[in-house]
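Protein chains: 2
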Amino acid sequence: MTNKELFENKDELMNKEIVIKGWIRNHRKQKEFGFIDFSDGTCFKHVQVVYDEKLNNFSDVQKMHVGCAIEVIGNVVKSVNPKQDFEVSATSITLLGDCPEDYPIQPKKHSREFLREQAYLRPRTNLFQAVFRVRSVASFAIHKYFQERGYVYFHAPLITASDCEGAGEMFHVTCFDLENVPKKDGAVDYEKDMFACPASLTVSGQLEAESFALAYGKTYTFGPTFRAENSNTRVHANEFWMVEPEIAFCDLKGDMEIMEDMLKNVVHYVLDNCKDEMEFLDKFVENGLIEKLTKLVSSKFNRITHKECIDILQKANIKFEFEPKQGEDIAKEHEKYITEYFDGPVFITDWPKDIKAFYMKQNPDGETVAAVDLEVPGAGEIMGGSQREEDYEKLVARMDELGMEKDTLDWYINLRKFGGCVHSGFGMGFERLLIYLTGIDNIRDVIPYPRTPGNCEF
Amino acid sequence: MTNKELFENKDELMNKEIVIKGWIRNHRKQKEFGFIDFSDGTCFKHVQVVYDEKLNNFSDVQKMHVGCAIEVIGNVVKSVNPKQDFEVSATSITLLGDCPEDYPIQPKKHSREFLREQAYLRPRTNLFQAVFRVRSVASFAIHKYFQERGYVYFHAPLITASDCEGAGEMFHVTCFDLENVPKKDGAVDYEKDMFACPASLTVSGQLEAESFALAYGKTYTFGPTFRAENSNTRVHANEFWMVEPEIAFCDLKGDMEIMEDMLKNVVHYVLDNCKDEMEFLDKFVENGLIEKLTKLVSSKFNRITHKECIDILQKANIKFEFEPKQGEDIAKEHEKYITEYFDGPVFITDWPKDIKAFYMKQNPDGETVAAVDLEVPGAGEIMGGSQREEDYEKLVARMDELGMEKDTLDWYINLRKFGGCVHSGFGMGFERLLIYLTGIDNIRDVIPYPRTPGNCEF
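Quick mapping for you: the protein sequence lines, in order, are chains W and C.
Throughout the first sequence, residue numbering follows the numbering used here, covering 948 to 1405 in sequence.
Throughout the second sequence, residue numbering follows the numbering used here, covering 948 to 1405 in sequence.
If you are wondering where the hints come from, they were derived from the structure by calculation, not from laboratory data.
Computed from a prediction, not measured in an experiment: that's the story for all the values here.
Be careful, since some hints might not be right.
Same chains, same names: a pair is fine if it fits in one copy or spans any two.
To be verified - Straight-line alpha carbon distances no greater than 25 Å define the calculated SDA-like cross-link-like pairs of lysine to any residue that follow:
#	residue 1	residue 2
1	1283	1252
2	1364	1048
3	1200	965
4	1139	1180
5	1139	1400
6	1303	1252
7	978	1050
8	1303	1179
9	1222	1095
10	1130	1144
11	1242	1232
12	1211	1198
Build the full structure now, drawing on both the sequences and the hints.
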């Protein structure tokens, strides 16, 4: 029986015998009895196991350290501790897997930096037990949301010969022995590599997802993406997961409706399905977390243009570190101000084209594109989307203007030729959502085994 | 309104006006009227749109090619064709996105080889529309199965410095300019690379998943994995998706129960939720497909040891190309024979240790390991699993025996020291499942954008 089943059926199990297997998270010993804080990891709550010297291996049990795997046979009984619904009075405790006294995860507060070094053990702590279960449940909430609405889940290729954003920060993928890269006429002989061309790890599945949107109407990706950025910040990782929905016959307005609906839905699902975890995070990581998220679910999302946003910022009676300017990007401090100004989430639309990607729909003003960023209180930008340029000529002209290489993207351009239509999509960095959902402020602590510059352990 | 909604509510919509947007899949023109085979991709079935010369743009509509995106306003009416529940009698047809006459996807039979070259357009064909929807629905079935049973979804790292199988076929990941790899004392200066060490793309998330099993009890991965094999077969790709569940306090017997239950559950879910797609695949790809799968769901999975398997093969009154031998691997022809012999799925357990991975639990006989392969009729091996060696000393001894480098795997070995326990898991190549589910015989045709030697397009 799992701890989860035990908690769910505690009333029926009262005074019945059960068998449970799991780990000692804490062990308080008295001369004639002892308490084991027991967890099998199937739910956030721990089970209190009590035993006394009637156990025939009492002295051995008293020697069992934190971290040991054990099997407990015992009876579910009312607890003398009013905070607990029940406890398990052990009739037998068997050691299944020993653990030495110098086990790194002791029942005390460890720093997150220390726990990162013990990444393979940290899911055994309350904090990471909560965080990675939220990660799992939020993943499912996303799949459930899209699948129930008829979206086709699209597995974007990770190894790619094209470069979505036109940016250069991609990891190379090769079979070559780096000690001895084959050359021909002085240049790398890519003909000899696995794909007979230079290959990289994708930064986005969006372009390929568009081909699915134009076949299935609605599609979404949910998979890993990579950035070869040498950024040691709290929000950058070299490997992270993205959700990228793409919808045919949908304009920017429709796109925003989906963004809003999806976010509210996922947040609601996590609040509903991770009650214990969220209460823990609210108490120990971000006070007011549950209130913040509950408020989001019931709030009206505001909609302003980038121009209106800059106007508001410029009129603000506040000295910003970066002066807000028309035609330019906004900074973290501006995002913060604007969500406080509206006291809620804000969609900012119609961004200057020069700070946005080539595939975004050019507005009639010639200066802006039909792009949108969603800013939420307490986190700033949480996702971004756009209507895609469906006009073949305009797309090609923009790519030429930016000096982009069109050869590897001819298929993408052709999507505009073969029954192209108005379509839109957005991208959500999954870890950015998790930071918002958990209150954890470092991306390294919402990824099981984070990859950041200099870190590729485990 | 989507086609899916239209089919689901056809009775209530009868004689009502609707607006639909999608693509022309076929267009039959008569002098005074025309028929458009219309699809918006939201369901497998197409909608028949009929129009006549009362349309004020009748002559323009008649010129619309296959592939065009259109908007149709019309009334849902009874069809004269008894095979159709309804048709849409158009009062207005508007061109949304043009398509030239030389559009590659015409309403005729295209070879799969040709369609691979048009991978960005092939989901618009009936065959691939079916295959990739099955891929999406099967993905969700897998998530749903594990989430409903309390498994924590684990995102394994893809960039890794360790090598799960001890095999060498991994892609290198680097930020180095391959034209000019930095060297120090004649060797590659990995200190200068992003992770300050040699990095590769993972071949399996299992080892890391074990750390989650020992924290959460039950976990599963579902993500991409990579093999740098130069294999041009119908079942090998360089990039594919794997499902890798891992369960604590579970032995090989329990592992097999989960493998059987999960497979039946996923197959059942796909049969239930892709009826039209599966009927199409049954009719045009593999006759008897639905019967094969239905039979699997209700069949008893047989269990034999590898030794018993070889005994049966050796006694078989048949001349195999490869002679079955005790202590050796079995070939495709043997897999086929054994599933026919039992007329159903067969678990083969307790394999010779020398042909299996280092982490598998060593049986007391000193010769075999607690490994299992599941063979299914018509496909052979569909998944493989094992109980993991939980004994620290035995694991280390086996790694030494195999000459394995233990430094990057010290954390994995330590999982045996810190409350290690009996645990098991298995791996299922997702594309292998899809080949089985769809009857498609080439892995290139169940991956949206396959990566195989020489192919990295799109």
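Checked hints:
1. Taking identical chains as interchangeable, the C-alpha atoms of residue 1283 and residue 1252 lie at most 25 Å apart only when both belong to the same chain, with a minimum of 16 Å there against 64 Å between chains.
2. Taking identical chains as interchangeable, the C-alpha atoms of residue 1364 and residue 1048 lie at most 25 Å apart only when they sit on different chains, with a minimum of 11 Å there against 68 Å within one chain.
3. In this assembly of identical chains, the alpha carbons of residue 1200 and residue 965 lie at most 25 Å apart only when taken from different copies (21 Å versus 56 Å within one copy).
4. Taking the closest pair of Cα atoms, residue 1139 and residue 1180 come within 25 Å of each other only across two copies (19 Å); inside a single copy the shortest separation is 37 Å, beyond that limit.
5. Proximity of residue 1139 and residue 1400 under a CA criterion of 25 Å is satisfied inter-copy only: 10 Å between copies versus 29 Å inside one chain copy.
6. With identical chains, the CA atoms of residue 1303 and residue 1252 are at most 25 Å apart within one copy only, with a shortest distance of 14 Å there and 60 Å across copies.
7. In this homomeric assembly, residue 978 and residue 1050 come within 25 Å of each other (Cα to Cα) only inside a single copy, at 24 Å, whereas the closest approach across copies is 84 Å.
8. Taking the shortest alpha-carbon separations for residue 1303 and residue 1179, only the intra-copy value of 24 Å comes in at or below 25 Å, while the best inter-copy value is 40 Å.
9. When the C-alpha separation of residue 1222 and residue 1095 is checked against a cutoff of 25 Å, the pair qualifies both within a copy, at 23 Å, and between copies, at 16 Å.
10. Taking the shortest Cα distances, residue 1130 and residue 1144 sit within 25 Å of each other both inside one copy (13 Å) and across copies (24 Å).
11. Proximity of residue 1242 and residue 1232 under a CA criterion of 25 Å is satisfied intra-copy only: 18 Å inside one chain copy versus 51 Å between copies.
12. Taking the shortest Cα distances, residue 1211 and residue 1198 sit within 25 Å of each other inside one copy (20 Å), while across copies they are farther apart (41 Å).
In this structure, none of the earlier numbered hints is contradicted; all agree with it.
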